[in-house]
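Based on these hints, arrange chain D on the given structure of chain U.
As you go down the protein sequences, you meet chains U and D in turn.
According to the working numbering, the residues represented by the first sequence are 1 to 374, in order.
According to the working numbering, the residues represented by the second sequence are 1 to 372, in order.
Hints are computed from structural coordinates only; laboratory data are not their basis.
Given the structure is predicted, the values throughout are model-derived calculations rather than measurements.
For every residue, glycine included, the Cβ atom is placed at its ideal position computed from N, Cα and C.
One should not assume that every hint holds.
The following label-pair restraints were derived from C-beta to C-beta distances [unchecked claim]:
no. : chain 1 : residue 1 : chain 2 : residue 2 : range
1   : U       : GLU256    : D       : GLY49     : 45 to 53 Å
2   : U       : GLU250    : D       : SER289    : 28 to 36 Å
3   : D       : SER289    : U       : LYS242    : 30 to 38 Å
4   : D       : LYS277    : U       : GLY73     : 14 to 22 Å
Computed list of lysine-lysine pairs in DSBU-like fashion (alpha-carbon distance at most 35 Å, straight line) [said to hold, decoys possible]:
no. : chain 1 : residue 1 : chain 2 : residue 2
5   : U       : LYS276    : D       : LYS22
6   : D       : LYS346    : U       : LYS337
7   : U       : LYS252    : D       : LYS318
8   : U       : LYS276    : D       : LYS268
9   : D       : LYS103    : D       : LYS198
10  : D       : LYS103    : D       : LYS113
11  : U       : LYS242    : U       : LYS176
12  : D       : LYS371    : U       : LYS276
13  : D       : LYS22     : D       : LYS184
14  : U       : LYS252    : U       : LYS276
15  : U       : LYS134    : D       : LYS346
16  : U       : LYS276    : D       : LYS80
17  : D       : LYS60     : D       : LYS330
18  : D       : LYS268    : U       : LYS296
19  : D       : LYS99     : D       : LYS212
20  : U       : LYS147    : U       : LYS215
21  : D       : LYS362    : D       : LYS153
22  : U       : LYS337    : D       : LYS330
23  : U       : LYS5      : D       : LYS80
24  : D       : LYS79     : U       : LYS5
25  : D       : LYS72     : U       : LYS6
Each chain, letter by letter, is given below.
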Amino acid sequence: MSREKKEIIAMLLAGGQGSRLNMLTEKIAKPAVPFGGKYRIIDFTLSNCSNSGINTIGVLTQYRPLELNNHIGIGTPWDLDRKDGGVTILAPFMGAEGGRWFRGTANAIFENFHFIEQYDPEYVLILSGDHIYKMDYSLMLDYHKEKSAEATIAVINVPWEETHKFGIMNIDVEGKIIEFEEKPKKAKSNLASMGIYIFNWKTLKKYLMEDELDKKSHHDFGKNIIPNMLKNGRTIYSYVFKGYWKDVGEVKSLWESNMDLLKEDDTLNLYDPNWKIYSRNPVRPPHYISTTGKVKSSLLNEGCIIYGEVNNCVLFPGVVVGENSIIVDSVIMPGVKIGENVSIRKSIIMSNVIIPTGTVIEGKDDNEITLVNQ
Amino acid sequence: MHDIMGIINLGEDETAMRDIAKSRAIAAIPIAGRYRVIDFILSNMVNIGMHNVSIFTQGKSRSIVEHLGHGKEWDLDRKKDGLFIFNPYINPLDSSFHKGDIKNFKDQLDYIKCSKQKYVILSRSYMICNVNLLDAFRYHKDSGADITILYKKIKDEKDKFINCDTLNINENGRVISIGKNIGKENNLNISMEMYMLKKDLLIEIIENSISKGETVYLKEAMHQQIRKLNVNGYAFDGYLGCINSIENYYRVNMELLDVEVSKELFYKNGYIYTNVKDEPPTKYTETASVVNSMVSSGCIIEGNIERCIISRRVKIGKNAVVMDCVIMQKCIIEDGAVLQHVILDKNIEISSGVALRGSSKKPLVMMKNQKI
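With the rest of the complex left out, here is chain U (with noise of 0.2 Å):
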């Protein structure tokens, strides 16, 4: 099937498991977990491709898609129902020589070489539905461009004790990459690296082929194909993110993030109308406070009923909360109801869950959050 040319296409990479979001994940896939009162994981990223122009997205999925499938559907929330691209779910598949799974995040793209080829791209823009931020893909390509980049890859200044947990990037004054360390356990540098790449599709297609033969390969962007071209001295350039970023990957970095939206400072800024973050909006009436409600500090979102207290939480819809309950910095996900005279601390509570009315739900100590799915 031939289709038009475009010049840049989204490969998404949305297949994780996300183990270290324990029950959280065990039945849907990590960029489908829900978060800031509204969203799922991959709505950021989602968003980002629609507002930045980009309407040609590919999504690798992997573990457990039924909900992440149901959640995209066709992409009309971001508005990607398109006729010519739009967005795609590409599933491993069995073909005339056998099929298998993704072994690893270039494994994911070589597979679907195919959806990429009907489109003529000439780059092609490497994305993870992991992570929340904000970000305009149309300037990063810009960037690319300008320094007539083979490869670029966004990058962010982390804190310095964290740089063992990232792909860290060695730069010269220019912004060109010339050392790729994968969690390093002494960093030269703090720039990590975001997942996001562009590629010219020329270039990557040549490196991907060659590391498909490659037995000894992870099959990995950031084990195996970038460290190659950097040794064949390809120029990859690096660019700079400045902006709220956070790999929501863990229990505590998904509930910190949340919290994150609550602070004053808050720097992800969901209220800006020029670049929304699109989702499937709720079909229920607006939240009620009853006259024994009281809340602060807090998100809430369509068809929450509050006869309680509410501090520092984020509400998603539908939530519920009986008289005399009080529920402080804690997430509570869709569908939840909350009996009369329940505490809650520092909790994670997944959807539909029932607390009945009484119940004490608080970690040992402060540094616990305690997770609920039952």
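Below, chain D alone, put in the same frame as chain U:
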């Protein structure tokens, strides 16, 4: 139900709605924080599986067209049937509009005739309720009536339904005459202006009335049938709100602060759908204090709210006090402003220190798009 088509007639009396109906039809007035008046009847129709619904506007259709779009939110963007919006035709000779609404229906008779459905539910938009139209329709079919009119029996609520049609019903459930509530009687059968009948009968009524020239209003033509046909009443006993005056508009909004009322209205026989904007959740800051209020999404609340209906994307500053108010979308109430018994139409900015007060009987109404 695949065999019923819906016709919503927006020729509604707007004179008592004051400024909020100046630039929009009653059907398009924002209500309950995130809806428009028309959402209720339209959702009631699609909730029983009706998928051919037409809206007959009476001018001022911009906001209604913008709101309904292609009917996607109501699942009415269909290849077969779906949502139709008809505007009145202008007289090409002198650019005038005709009197009455019956000509609108005559002009669209082709659409009505070509529709595959055998039955019609004819309604207006101003009656707010969550009614199971299927129950009413079954009653209509079983009773063998030619026309069934939905009504609500009221006691001591005459003020809420001033100027509404009343049905005089005999012991067999038959409508023997139709009157008007002028506030004299206490026990009344308030007509919901929802009529069920066969499509062919509707066509006949329209054609007869045009050819005889007896009336220019479809409602009058329908009411004239009482003497000739078997017209029945179907009693609805749920919550009914009537948006025919600004006082009633205010009252209905305030009634939604009763959770039992809002639960019934928004959930009982299916959800109420609306054109949803992509708003983030509402943020309450450390200084916010909110009591007995309904608040839509996308707001940032730093001040004090009591007994209010707040639409989407409203900002209420620190130390602002907002009581007994209906605030429509995108209003900004700055620090320290005080509002009581006020209806703010959309996109109004209230500067810091301004105080506005109406009364519970006569709320103050502010026109949209202004800075005070």
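(Q) Need the list of violated hint numbers for this structure, in ascending order. (A) none
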